[in-house]
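Colleague: Below are the chains, spelled out letter by letter.
Number of protein chains: 4
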Amino acid sequence: MLDKFRDECGVFGIFGHPEAANLTYLGLYALQHRGQESAGIAASDGIQIRHRKAMGYVNEAFDATALGTLPGTMAIGHVRYSTAGESRVANAQPIVIDSTHGQFAICHNGNLINAGEVRDALVKVGAIFQTSSDTEVVVHLFARSREDGSEHAIVDAISQVRGAFSFVMMTKDRLIGVRDPNGFRPLAIGRLGDAWVLCSETCALDLIGATYVRDVEPGELVVMSASGMKSIKPFAPAPASQCIFEHVYFARPDSYVFGESVNEVRTQLGRQLAKEAPVEADVVIPIPDSGVCAAVGFAEASGIPMRMGLIRNHYVGRTFIEPQQSIRHFGVRVKLNPVKSIIDGRRVILVDDSIVRGTTSRKIVRMVRGAGAREVHMRISCPPTVSPCFYGVDTPRRSELIGATHSLEEIRKYLDADSVAYLSLEGLTSCVSGGSTKYCTSCYTGVYPVDFPRDETAYLQLALKLNPDGGNVEPREFAFPALEKDSVTS
Amino acid sequence: MLDKFRDECGVFGIFGHPEAANLTYLGLYALQHRGQESAGIAASDGIQIRHRKAMGYVNEAFDATALGTLPGTMAIGHVRYSTAGESRVANAQPIVIDSTHGQFAICHNGNLINAGEVRDALVKVGAIFQTSSDTEVVVHLFARSREDGSEHAIVDAISQVRGAFSFVMMTKDRLIGVRDPNGFRPLAIGRLGDAWVLCSETCALDLIGATYVRDVEPGELVVMSASGMKSIKPFAPAPASQCIFEHVYFARPDSYVFGESVNEVRTQLGRQLAKEAPVEADVVIPIPDSGVCAAVGFAEASGIPMRMGLIRNHYVGRTFIEPQQSIRHFGVRVKLNPVKSIIDGRRVILVDDSIVRGTTSRKIVRMVRGAGAREVHMRISCPPTVSPCFYGVDTPRRSELIGATHSLEEIRKYLDADSVAYLSLEGLTSCVSGGSTKYCTSCYTGVYPVDFPRDETAYLQLALKLNPDGGNVEPREFAFPALEKDSVTS
Amino acid sequence: MLDKFRDECGVFGIFGHPEAANLTYLGLYALQHRGQESAGIAASDGIQIRHRKAMGYVNEAFDATALGTLPGTMAIGHVRYSTAGESRVANAQPIVIDSTHGQFAICHNGNLINAGEVRDALVKVGAIFQTSSDTEVVVHLFARSREDGSEHAIVDAISQVRGAFSFVMMTKDRLIGVRDPNGFRPLAIGRLGDAWVLCSETCALDLIGATYVRDVEPGELVVMSASGMKSIKPFAPAPASQCIFEHVYFARPDSYVFGESVNEVRTQLGRQLAKEAPVEADVVIPIPDSGVCAAVGFAEASGIPMRMGLIRNHYVGRTFIEPQQSIRHFGVRVKLNPVKSIIDGRRVILVDDSIVRGTTSRKIVRMVRGAGAREVHMRISCPPTVSPCFYGVDTPRRSELIGATHSLEEIRKYLDADSVAYLSLEGLTSCVSGGSTKYCTSCYTGVYPVDFPRDETAYLQLALKLNPDGGNVEPREFAFPALEKDSVTS
Amino acid sequence: MLDKFRDECGVFGIFGHPEAANLTYLGLYALQHRGQESAGIAASDGIQIRHRKAMGYVNEAFDATALGTLPGTMAIGHVRYSTAGESRVANAQPIVIDSTHGQFAICHNGNLINAGEVRDALVKVGAIFQTSSDTEVVVHLFARSREDGSEHAIVDAISQVRGAFSFVMMTKDRLIGVRDPNGFRPLAIGRLGDAWVLCSETCALDLIGATYVRDVEPGELVVMSASGMKSIKPFAPAPASQCIFEHVYFARPDSYVFGESVNEVRTQLGRQLAKEAPVEADVVIPIPDSGVCAAVGFAEASGIPMRMGLIRNHYVGRTFIEPQQSIRHFGVRVKLNPVKSIIDGRRVILVDDSIVRGTTSRKIVRMVRGAGAREVHMRISCPPTVSPCFYGVDTPRRSELIGATHSLEEIRKYLDADSVAYLSLEGLTSCVSGGSTKYCTSCYTGVYPVDFPRDETAYLQLALKLNPDGGNVEPREFAFPALEKDSVTS
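Protein chains in written order, with this note's numbering: chain A, 30 to 519; chain B, 30 to 519; chain C, 30 to 519; chain D, 30 to 519.
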C-alpha cells in the first residue's frame, strides 16, 4: 500500500462461455491488486474481435453498456500498473490488430529484456509503433511473420523475445496462453463447466466459480479452441526462476500461485521469522493488510498474542488534500491509525512483509511510539531488498533501496526501532517447495537468471522511452506518490 | 458492508484554526464510515459563511480548488448516508441560511421524532421547505425565533424538537455543539493547539493530530468563540440512553465513543461470547472487517487460534456488473473470498458483530462450507436485533429482521450452520460501563426511551415524505442493494 | 452579439397537451436568444409538480431522459441570462415550492423594483431565502398569504410587488399568466389544438405549430384550467409602458411582439433612418445579425445596394483561446470577417441596431477600413442609449454608456467613422403603433415610468446581494466578457 | 446545413511563429465549416513533435491547458468530418509517427483513390494499421521508404498514391505542403510577419492577420524550413481539375479559393441564374446561410427586392428532442422559421445553392406556403447534382440524388413549387476563370478526371472498411441525420 514493489499486470482469458466479456470483467476485478491504472477487454464472437480499454479501475472502466458492446464466447483482459510518465490509454492492453494472419489480441504480464533492440530493428524496416510498451514488439513480429497460420506466427514471434512473459492471446477463434521458459510470472489454467480459463492468480477462478486445473508450465504454450486444449513446448528450456516476491507480497493470500497456497507460504514465513529473530514483547501487530499472514505465523510460533493495533482506512481515494501545516506522520495517518488501547504501555512487535525505502516504516514506528508503545521491534518476513527487478516488477533504482545502502544497525536507527530483523534468504526459500532451484531471488541477491543485452545502451533506449525522465541503469523509476514525498519528516 | 444497520451521519467542527476547511475535510474523511452518500463543509471567515456540498465520498466531493473557496478559521462539516429515494444534494448538509439573526449553518447526526408535526405547523404559517430532511425544521424554528441573539434563538429552536440529535452549528463567529438530553448519538470535544474541535468519533481527532478532551454531555450545549468555550444545559434533563450499537458495529475500533475504547469493548464482547457460547472447533474466523475485534477476543478466551480465512476485496466499487448466469454466492463473493488452505477440513467458528436479515450470513456459511469446512459455527457478538431504530439509524422494518421473526433454531437452519449463538443482553451491557442505565438497547428490546408523537399519522407523514414509496409503521425502509436482492439463492 | 443590452429571460407555459414537457423544451429552444445561462422546466400530471433546472443552453440542460422524468399535460419553462457573479443553478427558474396552498411553480421575466424591501421585511419575520433572485419574494408572499385558495393567494402576493413582470405560473392543475400593469415585458397567448400556450414571443408558437391568439394585456391575469381560460384584472391600472427595445434588438425578427411584426418595425426603423440621415455611398452593410432588418430598410429607402460584407462565424463557442501576441481587432475578428471583394475601394454604410459602449463598433469600423473601405458611415437604428434599465434588462452603468458620456462628434472620432448618425426618438416612436403613449423609452430619456423605492439603500441592498462586487447607483454591472477587455486596442 | 454535400476536411500549418499552436487553433477555428467531427494539432519545438486530437469542435477539443502542452514554433492542424460509422478519435488527424526518418505528422484533405490496394499490399508484408483512414497508407509508405532523408521519403510515398490530396505535413524542423497534380482541393500560402502559413482557405489567414501570398499549385510540393520556402514539382503533371463545388457551397464567402473571391463567384452565379431563369415575383428570399450570396446576385440582376424571409436559429445544437406527435415540417422548423410579414400574400423566389435529395427543400417550400406565399419559385445556383464525388467529398449514392433520378418536372412536383430552375453547366463554368478547363464538374456530369482502380473490388474493400454497413458502388454513404429521417412528411 505504501513504499512497496509493484506488480505490473494481471491477465485473464476465457474460451467457450456465453458471458465471456462479463466473466473477464469479474476475473480482472479479482486481479485488480495487480494493476490499478488501466483495464481492457477484447472479445471475439468467432468472426470479429472487438475491444475496449480505459484508464482506472475495472469497475470504473466498464459498465453494462460497455460490456454489451463485446459479444462472443471468447475474451481476454488485462489490468495494468505503470509509472506516471507513461500513464495513458494508448499503453493499456489488450493490444488488438488486423494482420495478414487475421485479427490478433494480446495481454502481457512481465517485461521483455530485448524489446529495445527488437523495436529499433523493426523501426528501421518501416514498422510504426503506437505505444511505448515492450509488448508491442511481439505484435509487430507476429504481423511480419512469414510462418503459415496464426499459431506458427505466434511461436515465431515469441521465439524472438527474451525476458519475463505470461501472455494471454486471442485470434478470432482461439485462446492462447504462454509462459516464458524461466516461468517468471504466474499463469493458471481453470475450467468453468466446459469453458477454459487462463489467469494470473486463482482468486480470479474463485470469483467466477471456476476450478483450478494446473499452471501453464514454464516454456509451455497452450491453445484453447473448439477442439479442446492443446499444449506445446516450442521454446528452448531454461531453469525455473519463478518470482518469489509473488509469495512475499504481490499475490492475494487466497490465491494459489506456482501451485502453492499464498496464505500458507506467507504464514510459514512468519513462523520462520519468529524462529530466526525472536524478541520478548507483549503484542504482535501486523502492518495491514500485507503483514497480516506473517504476523499470524509469528504470533503462533512465538506465543505472543496478535492484535489489530493499526486500523486501515478503507476509503482512501486516489486524490487527497494535505493540510499546509505539518501534521506529524500525516501521510501514513491518512491510511493507518494506531489503536491506543492496544499499544499504550506495551512492547510491540510490528510485522511487515518488506521494506523498500524505509520512509513509511519510519513513520509507522514513530506513530506507534506516539500511541504509547514502550518498545517497537520491526520484523520483516523477507531478506533486505538490494537490487531492482528487470522482469516485470516496478522497483526503484538501487540507490533508493535502504537494504542496499544501509547496514542493519543504520536501518534500525533510521526507523527509530528498538530492534529490526529480516528473514534470511535460506529461511525464505525453505518456505517454498523447490526453494532456490525453482525461484528467482534476484531482488535479494543481485543475481539475474536472464542476461540483459550486451548493448546496454539499446536496452536503455527502451527504458528511456518508457520513462523519459530517467537515465540510470535501472529501467524504471518508482513514482513516489506526492503524498509521501511531502510528508517525510526527519 | 453487507446486511448491516447503517449509521446516518458523521459531524465535525473546528474553531480557531487557519486551515479550518482543510482540517474539516480530513475530519470528515476519518468519519467517512458514518455516511458515504454526500459530504458538505461550511466555513466562516468571521464575516461570511460560505459552503459547498456534493454527492459522493469526501475526497470526491472536494478538491483543493473547492476547499480554496472556503476561507476562514471556523468550519463545520457533515457526511451523510440516506435511503435511496431521497439521495440528492439538496438533502446534504450543512444547511446554511441567512436570517434576521445572521447567517447560520447546521449539521445533524440523529433523528427528530416530532419533525413531521413541527413541519406541518410551520408550512401552515408560510414556511417554505427546501429539503425532505428533519433537520430543516430546526433551521426554520431558529429563523422565526423572537429571542434576542443567535444563541438564545438556537436554544429556543432546539427546545421545540425531540428525539436524537448531536448538532454541530455555526454562526459567523461561533461554533456550537449540542447533544440531546438522552445523549443518543456521540459528540466529542478535542483541541488542536489553541483550536477547538467537535466530532462524532475521536478517530477524527487522531487524523488531524488533535487531543481528545471529553464528550459533550447529554443535554449540554457548548459554544466556542473568541472568548473560549462556554457550556450551558438549557434543556430538561433525561435519563442517559446512549446508542450501544455504536460500540457493537458503527464506530471505528480506533475511536473512543461515550468515553470508552471501541476496540476494548468490542474485544470484550468476543471474550464474553466465548464464555457464553463455547464450542469445540479448530479455527476462529472473523467476518471482515467488523467481526475482527470480537474474533480476537473470542480466540483469546477460547484458546482456539484465529485465522484470516475470509479475504475482503478492497477494490469493491459502488457499481458492479453481475453475470446473467447464476454463479453460486456471487453477491458475497465479490466482497469476500474464502482461503481454502485455512478452511479445508476444519471445524470453523465464524464471528460476526450482528445479523440483520441473515441473507448474507447464509451465503457466507455456504461459501465456507464450499471451501471444505467440516463444521460451521456462527457466533454473533450482540443479541438478536428485533426492533427498528427511530433515533438516527437506518434499519429495515421489523418484519425483515430475522431475529424478530424466527427462533434461534430456525435461524440456524436458515443459515445452514451447525450451531448459532448470540451474545446475551446482560453479556452485552456488562461490557460497557454504566451498562443498561446509560445505554439505549431498544433494537434488542423494543423498549424506546423517547416516545413517538401521539398523532402517529403526523409522524408518518414525515416518514412518507422522506420515503414516498413506504407506508408502514417503520419510518424508513432499508434499501436492499440491488446486488443483494438478485443474488439471494434459496 | 457583442456590446449589447441583454434581455434577461424567456418564459413559456402550456396547458392540456400530452407532451407538455417536450413542447416546453421546444418553446424554450425558440426563446433561447432571451437567456443562455440556465434553463428549467416544471411539469404537472395533475397530482404532483416535478421540475428540473440546469446551467447552459436548453439542448444541453435537457435530454430525452430528463424530459422523461417530467410527465403530465401541463408545464412551464424558463431560460435565463444573468450577470456572472450570480450564475448558479440555485437562481435558475422555475422556482417550485410546497405550501399550505399546495405546490406552486413560477417563471419570471422582468425585475421587481421593491424586492429588496419586501425581502428584508420577510426575513425579519423568519422567511428563509434560498436564492438571490427577486422572484423569490413572490413565492414567500404566496406561501404566507392568508387568502383562501391558490388563485387568491397569487393575486395577494403579486399585489405586493412593483416593477416589471411577466409571470408564467403553475399550480398542480392550473396554468397562470400575468403581466404587470405597465406591460413592460411581452407575454403572448397561443393555442395548439385544444391546448393553451403562454410565451414571451410568438416565434415559440411557430416552432411548435401553435397559433397566436393575442397578448396577455398589461395588468391582466389569465388562468388556464380544465374549465377553459379565465381573465381577471385585479391590479390598479397604469399607463402602458412597453419596452421599445424589444423591437429595436431583443426579440427575434420572426416574432410578433406587443402585437406587431418585429421584422416590419425593424425594417421601418431602417427606412426612417435613411430618411433622417442620408449619405452618399456605394454599399449598405449590416452588422450581422442584429443589423440586417434595418439595413434592408435603409437600402430600400436610400436606393443603395445592400451586401453581406461582414461574415459571421457560426461556430463561436463560449470559450476561446486568445493568442498572446496582439492581433489587430482580434476579439471581433473571431466573430466577424470582412469580405474584401465587397468592401475594397467602396464607400460603406454600416448599419447596426444600437451601440452601448462603442468598443466593438470601433473595432468593426477599423476592420472595415482595413479591408479597403474608402469611407465608413455608421448608422444606428435607435437613439443614443443614455440610461440604464431597471425593468429586467441587463445594462451597464450610465458612466459606461458612450451615448451618455460623449457628444456625437466625440463618438464619431472614437469610432473613427466618416460620419455617425442615430435615429431620432421621434423617428423611433413613429415606427410603432401607439408610439410614446404605449412604450417605455427610459433607456433613451432617463424618464422612468415606475419609481424606485424612496429608501434607495434598501433597493441597493438587493442589488448588492445580486452583485456583491458592485456598489454604485446602477443595480447591475455589465459583465465585460474577458475577450472584450483584453482585446480593446486604442 | 441540411441536405448538402459535405466537405471532409480543413488543413492548416504554420512555420516560424512563437505561438504556432495558438495560431493553428485559430486557423482551424476559421476552417471549422470544413469539418466538425474532430480536431487535432501537432506542434514541433525543433526537437520533438507533440500532438493532441479530440472529437468535437475546435474550441471544445482544445483549451488553454491543452494548447500549453504543444510548445514550439511549428504546428499543423486538421478539422474533419466523416460518416457516422467511423466517427472516432483514432481516425482524427494529424497522424503522428516515429520512423527511421524521424518523427512525421500529416494532415490530409482529399481522398486517395488507390488506398485500398496499397493498404492490402502493406498488410501482407506486416504493416499494422491503426485507423480506417486512407491517409494512413501514406504514413506507412513513408516509414518504409528506402529513400535517404525525410523529404525524399515523402516524395517517394506520395508518388505511390493517386486521387485528391492537399497535404500539410511536418517533420521536426520542416513544414511541407503538397497538392495533387489535378489540384482537386485548395491549399493557400500566407505570411504572418516572417512566419509561413498553409491553409485550405484564406479566411484562416484573415483571422490570424496573415497575408495571402498565392496557392500551392497543382502538383507542387513546398517546404518551409529555416532556410526559407523551397518549391519542387516531383510528380507527373495532369490537367487541372479543381473542385467547382468549393465555389458553389463549401468555402466561406469571405475566402479566396483557387485565386478567386468566393463571394464574387457566388454572387455572379445568382446574377447568371436570374438571366437564365427569370420569373415574375415580389420578393427574393435566400435559404440561409448558403443561399445568401446567390440571392443577392439574383435580386440585383432581376430587380426584385431581397428580404430575409427565413430566420435561422443560431442555437441549434447537435442533439435535439423531437416531440412524439407530428408537428408539420418539424425538422426544418427547428433550424429555420419563416417571417410571415415578409411572405404573406407574396410571390416568393427561394434561392438555394444546391439540392441533394430534395427532402429539406420540400419542407421549406411547404413551410413558406404555410406562411402565406401566393407562389413559390425555387432557383438553384448550380446544375442538378447527378453523380457522387470520389475526391474527398461526402456524397450520397447516386440513387439518392434527386437530380439523378428525377426529371425537372418531377422535382417541381415533389417540391410542390410553382417553378424550379437550376443554373446551366455553361452558366456555372462561365462564372469562374478558366471554366471547364480548370475545374472538375464530375458531380454534375459523371465524368471523372482520375480513374478508379481496375480492380474495383479492392477499391471497395477500403470503402467497406470505411463504412462497414455499405456495399454499393459508391464509396461512402451519406449519413442521414436522424432528425431528417424521422421528420420526412409525405
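By construction, these hints were calculated from the structure, which means they are not laboratory data. Any given hint could be a false lead.
It does not matter which identical chain is meant; a pair holds if it fits inside one copy or across any two.
To be verified - Straight-line C-alpha distance at most 30 angstroms; calculated DSS-like pairs for lysine-lysine:
| no. | residue 1 | residue 2 |
| --- | --- | --- |
| 1 | 467 | 153 |
| 2 | 153 | 259 |
| 3 | 33 | 467 |
| 4 | 33 | 153 |
Colleague: Now, for every hint given, state plainly whether the structure supports it.
Modeller: The hints, checked one at a time:
1. Proximity of residue 467 to residue 153 under the C-alpha cut-off of 30 angstroms is found in neither arrangement, the shortest distances being 39 angstroms within a copy and 42 angstroms between copies.
2. In this assembly of identical chains, the alpha carbons of residue 153 and residue 259 lie at most 30 angstroms apart only when taken from different copies (28 angstroms versus 36 angstroms within one copy).
3. When the C-alpha separation of residue 33 and residue 467 is checked against a cutoff of 30 angstroms, the pair qualifies only within one copy, where the shortest distance is 24 angstroms, while the shortest distance between copies is 46 angstroms.
4. Taking the shortest alpha-carbon separations for residue 33 and residue 153, neither the intra-copy value of 38 angstroms nor the inter-copy value of 45 angstroms comes in at or below 30 angstroms.
Taken one by one, the earlier hints fail for this structure at numbers 1, 4, listed in ascending order.
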